[in-house]
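For the sequence shown, position 30 (counting from the first letter as 1) is numbered 30 according to full-length UniProt numbering, and the numbering increases by one without interruption.
For the record, the hints were derived by calculation from the structure and aren't laboratory data.
Watch out, some of these pointers could steer you wrong.
[What the hints assert, rightly or not] Within a straight-line C-alpha distance of at most 27 angstroms, the following computed DSSO-like cross-link-like pairs (lysine-lysine) qualify: (1) K69 with K127; (2) K69 with K15; (3) K46 with K15; (4) K46 with K69; (5) K69 with K8; (6) K43 with K69; (7) K46 with K26; (8) K59 with K69; (9) K69 with K120.
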Amino acid sequence: MSPRNPEKDRQMREKRMQHILDSALKVMAVHGFQLTSIQDIAKEAKVSVGTVYHYFESKEEIFSEVLRKGQTNYGRNVAAVAVMEVEPLQKLRVIASTWLAASSTNWAFTILMHTARLSKSTPPELKRAITERFTANLKPVASIMEEGMRQGTIVEGDSVQLAFYFVSLIQGLTMQRTPDYEVPVAMNVDAIIGLFEVKEQR
1 MSPRNPEKDR QMREKRMQHI LDSALKVMAV HGFQLTSIQD IAKEAKVSVG TVYHYFESKE
61 EIFSEVLRKG QTNYGRNVAA VAVMEVEPLQ KLRVIASTWL AASSTNWAFT ILMHTARLSK
121 STPPELKRAI TERFTANLKP VASIMEEGMR QGTIVEGDSV QLAFYFVSLI QGLTMQRTPD
181 YEVPVAMNVD AIIGLFEVKE QR
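Work out the full structure, taking the sequences as your base and the hints as a guide.
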(Lines of atoms letter the chains of each structure in order from A; the text may use other names.)
(Lines give C-alpha, C1' and ligand atoms only; values in the text may rest on other atoms or scores of the structure.)
Protein backbone atom coordinates (compact mmCIF):
# COMPACT_ATOMS: atom_id res chain seq x y z
CA MET A 1 0.00 0.00 0.00
CA SER A 2 1.51 3.34 -1.07
CA PRO A 3 2.06 5.98 1.66
CA ARG A 4 -0.38 8.87 1.89
CA ASN A 5 0.65 12.16 0.36
CA PRO A 6 -0.49 14.97 2.71
CA GLU A 7 -0.14 17.68 0.04
CA LYS A 8 -2.12 15.68 -2.50
CA ASP A 9 -4.80 14.99 0.13
CA ARG A 10 -5.01 18.71 0.94
CA GLN A 11 -5.38 19.64 -2.72
CA MET A 12 -8.08 17.00 -3.22
CA ARG A 13 -9.96 18.25 -0.16
CA GLU A 14 -9.82 21.86 -1.38
CA LYS A 15 -10.98 20.80 -4.85
CA ARG A 16 -13.98 18.92 -3.45
CA MET A 17 -14.89 21.79 -1.12
CA GLN A 18 -14.71 24.28 -3.99
CA HIS A 19 -16.90 22.04 -6.14
CA ILE A 20 -19.53 21.97 -3.41
CA LEU A 21 -19.31 25.76 -2.98
CA ASP A 22 -19.67 26.32 -6.73
CA SER A 23 -22.73 24.08 -6.78
CA ALA A 24 -24.22 25.84 -3.76
CA LEU A 25 -23.71 29.21 -5.43
CA LYS A 26 -25.77 28.22 -8.47
CA VAL A 27 -28.59 26.71 -6.43
CA MET A 28 -28.79 29.50 -3.85
CA ALA A 29 -28.72 32.24 -6.48
CA VAL A 30 -31.77 30.74 -8.20
CA HIS A 31 -33.78 29.48 -5.23
CA GLY A 32 -32.55 31.75 -2.46
CA PHE A 33 -30.77 30.77 0.73
CA GLN A 34 -33.92 29.97 2.72
CA LEU A 35 -35.41 27.66 0.09
CA THR A 36 -32.15 25.83 -0.62
CA SER A 37 -31.49 22.62 1.29
CA ILE A 38 -28.36 20.56 1.77
CA GLN A 39 -30.07 17.96 -0.40
CA ASP A 40 -30.37 20.52 -3.22
CA ILE A 41 -26.68 21.37 -2.96
CA ALA A 42 -25.69 17.70 -2.92
CA LYS A 43 -27.85 17.01 -5.99
CA GLU A 44 -26.29 19.90 -7.93
CA ALA A 45 -22.79 18.78 -6.90
CA LYS A 46 -23.62 15.14 -7.71
CA VAL A 47 -22.40 13.97 -4.31
CA SER A 48 -24.13 12.45 -1.29
CA VAL A 49 -25.57 14.54 1.52
CA GLY A 50 -23.04 12.85 3.81
CA THR A 51 -20.21 14.12 1.63
CA VAL A 52 -21.46 17.70 1.96
CA TYR A 53 -21.62 17.35 5.75
CA HIS A 54 -18.14 15.85 5.74
CA TYR A 55 -16.77 19.19 4.55
CA PHE A 56 -19.27 21.66 6.00
CA GLU A 57 -21.21 21.70 9.25
CA SER A 58 -24.29 23.48 7.95
CA LYS A 59 -25.98 25.30 5.11
CA GLU A 60 -25.16 28.56 6.91
CA GLU A 61 -21.45 27.77 6.85
CA ILE A 62 -21.64 27.04 3.11
CA PHE A 63 -23.50 30.31 2.50
CA SER A 64 -20.93 32.33 4.46
CA GLU A 65 -17.99 30.61 2.77
CA VAL A 66 -19.40 31.10 -0.74
CA LEU A 67 -19.62 34.84 -0.10
CA ARG A 68 -16.24 35.10 1.64
CA LYS A 69 -14.33 33.24 -1.06
CA GLY A 70 -16.13 35.02 -3.89
CA GLN A 71 -15.40 38.47 -2.53
CA THR A 72 -11.83 37.57 -1.56
CA ASN A 73 -11.06 36.17 -5.02
CA TYR A 74 -12.61 39.20 -6.71
CA GLY A 75 -10.56 41.53 -4.53
CA ARG A 76 -7.38 39.63 -5.36
CA ASN A 77 -8.14 39.79 -9.08
CA VAL A 78 -8.87 43.54 -9.22
CA ALA A 79 -5.77 44.23 -7.12
CA ALA A 80 -3.70 42.35 -9.70
CA VAL A 81 -5.29 44.35 -12.53
CA ALA A 82 -4.60 47.62 -10.70
CA VAL A 83 -0.83 47.06 -10.89
CA MET A 84 -0.75 45.93 -14.52
CA GLU A 85 1.49 48.02 -16.77
CA VAL A 86 -1.27 49.21 -19.07
CA GLU A 87 -3.33 52.39 -19.36
CA PRO A 88 -5.94 52.99 -16.61
CA LEU A 89 -8.86 52.79 -19.06
CA GLN A 90 -7.57 49.44 -20.26
CA LYS A 91 -7.48 48.23 -16.65
CA LEU A 92 -11.14 49.16 -16.28
CA ARG A 93 -11.82 47.40 -19.57
CA VAL A 94 -10.18 44.21 -18.27
CA ILE A 95 -12.23 44.27 -15.07
CA ALA A 96 -15.51 44.92 -16.90
CA SER A 97 -14.85 42.34 -19.63
CA THR A 98 -13.93 39.67 -17.10
CA TRP A 99 -16.90 40.36 -14.85
CA LEU A 100 -19.42 40.49 -17.70
CA ALA A 101 -18.13 37.43 -19.56
CA ALA A 102 -21.08 35.37 -20.74
CA SER A 103 -19.40 32.13 -19.66
CA SER A 104 -18.94 33.20 -16.03
CA THR A 105 -21.15 32.55 -13.01
CA ASN A 106 -20.68 36.08 -11.72
CA TRP A 107 -24.40 36.67 -12.19
CA ALA A 108 -25.07 34.04 -9.52
CA PHE A 109 -22.54 35.44 -7.07
CA THR A 110 -23.79 39.01 -7.53
CA ILE A 111 -27.41 37.99 -6.93
CA LEU A 112 -26.45 35.99 -3.86
CA MET A 113 -24.33 38.79 -2.39
CA HIS A 114 -26.97 41.47 -2.77
CA THR A 115 -29.77 39.17 -1.60
CA ALA A 116 -27.74 38.40 1.51
CA ARG A 117 -27.37 42.09 2.31
CA LEU A 118 -31.11 42.72 1.85
CA SER A 119 -32.55 39.64 3.55
CA LYS A 120 -33.81 39.97 7.12
CA SER A 121 -32.76 36.37 7.73
CA THR A 122 -29.06 37.10 7.14
CA PRO A 123 -27.18 37.46 10.45
CA PRO A 124 -26.06 41.08 11.08
CA GLU A 125 -22.41 40.03 11.44
CA LEU A 126 -22.49 38.41 7.99
CA LYS A 127 -24.08 41.53 6.47
CA ARG A 128 -21.33 43.64 8.02
CA ALA A 129 -18.62 41.31 6.71
CA ILE A 130 -20.08 41.42 3.18
CA THR A 131 -20.29 45.22 3.25
CA GLU A 132 -16.77 45.61 4.66
CA ARG A 133 -15.29 43.34 1.99
CA PHE A 134 -17.22 45.14 -0.74
CA THR A 135 -15.90 48.49 0.51
CA ALA A 136 -12.32 47.19 0.78
CA ASN A 137 -12.51 45.86 -2.78
CA LEU A 138 -13.24 49.37 -4.04
CA LYS A 139 -9.71 50.50 -3.12
CA PRO A 140 -7.85 48.90 -6.09
CA VAL A 141 -10.46 50.29 -8.49
CA ALA A 142 -10.19 53.70 -6.82
CA SER A 143 -6.42 53.61 -7.37
CA ILE A 144 -7.06 53.03 -11.08
CA MET A 145 -9.40 56.02 -11.13
CA GLU A 146 -6.75 58.17 -9.42
CA GLU A 147 -4.12 57.08 -11.94
CA GLY A 148 -6.42 57.94 -14.81
CA MET A 149 -7.26 61.36 -13.36
CA ARG A 150 -3.57 62.15 -13.00
CA GLN A 151 -3.06 61.22 -16.66
CA GLY A 152 -6.12 63.17 -17.75
CA THR A 153 -7.89 60.14 -19.22
CA ILE A 154 -10.52 59.52 -16.54
CA VAL A 155 -13.11 62.10 -15.51
CA GLU A 156 -12.41 64.18 -12.40
CA GLY A 157 -14.18 63.23 -9.20
CA ASP A 158 -13.84 61.43 -5.92
CA SER A 159 -11.92 58.26 -6.76
CA VAL A 160 -13.83 56.05 -4.31
CA GLN A 161 -17.17 57.34 -5.59
CA LEU A 162 -16.12 56.68 -9.18
CA ALA A 163 -15.00 53.18 -8.20
CA PHE A 164 -18.34 52.62 -6.46
CA TYR A 165 -20.28 53.74 -9.54
CA PHE A 166 -18.17 51.57 -11.84
CA VAL A 167 -18.43 48.42 -9.72
CA SER A 168 -22.16 48.92 -9.07
CA LEU A 169 -22.75 49.36 -12.80
CA ILE A 170 -21.01 46.18 -13.91
CA GLN A 171 -22.52 44.17 -11.05
CA GLY A 172 -25.98 45.43 -11.91
CA LEU A 173 -25.48 44.44 -15.54
CA THR A 174 -24.18 41.04 -14.48
CA MET A 175 -27.50 40.25 -12.82
CA GLN A 176 -29.11 40.51 -16.26
CA ARG A 177 -27.06 37.45 -17.32
CA THR A 178 -29.35 35.02 -15.48
CA PRO A 179 -29.57 31.87 -17.65
CA ASP A 180 -32.84 31.44 -19.57
CA TYR A 181 -33.94 34.94 -18.58
CA GLU A 182 -31.09 37.04 -19.94
CA VAL A 183 -32.13 40.46 -21.20
CA PRO A 184 -31.57 40.37 -25.01
CA VAL A 185 -29.46 43.53 -25.15
CA ALA A 186 -25.76 43.43 -26.02
CA MET A 187 -23.35 44.61 -23.33
CA ASN A 188 -20.83 46.99 -24.87
CA VAL A 189 -17.81 47.23 -22.59
CA ASP A 190 -16.40 50.20 -24.52
CA ALA A 191 -19.65 52.09 -23.95
CA ILE A 192 -19.37 51.39 -20.22
CA ILE A 193 -15.76 52.57 -20.09
CA GLY A 194 -16.75 55.64 -22.09
CA LEU A 195 -18.85 56.84 -19.17
CA PHE A 196 -15.65 57.35 -17.17
CA GLU A 197 -13.39 58.53 -20.02
CA VAL A 198 -12.41 62.13 -20.61
CA LYS A 199 -13.73 63.12 -24.01
CA GLU A 200 -11.51 65.08 -26.38
CA GLN A 201 -12.50 68.71 -26.83
CA ARG A 202 -13.70 69.52 -30.35
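Here is how each hint holds up against the structure:
The suggested pairing of K69 with K127 holds, with an alpha-carbon distance near 15 angstroms, which does not exceed 27 angstroms. For the suggested pair K69 and K15, the alpha carbons sit about 13 angstroms apart, so the restraint of at most 27 angstroms is met. For the given pair, K46 sits about 14 angstroms from K15 by alpha-carbon distance, which is consistent with the 27 angstroms threshold. With a C-alpha separation of about 21 angstroms, the suggested pair K46 and K69 falls inside the 27 angstroms cut-off, and the hint holds.
As the CA atoms of K69 and K8 are separated by approximately 21 angstroms, the hinted pair is consistent with the 27 angstroms bound. Proposed proximity of K43 and K69 is supported: the alpha carbons are some 22 angstroms apart, at most 27 angstroms. For a cut-off of 27 angstroms, the pair hint linking K46 to K26 stands: about 13 angstroms separates their Cα positions. For the given pair, K59 sits about 15 angstroms from K69 by alpha-carbon distance, which is consistent with the 27 angstroms threshold.
Restraint check for K69 and K120: satisfied, since their Cα atoms lie roughly 22 angstroms apart, inside the 27 angstroms limit.
Checked against the numbered hints given earlier, the structure satisfies every one of them.
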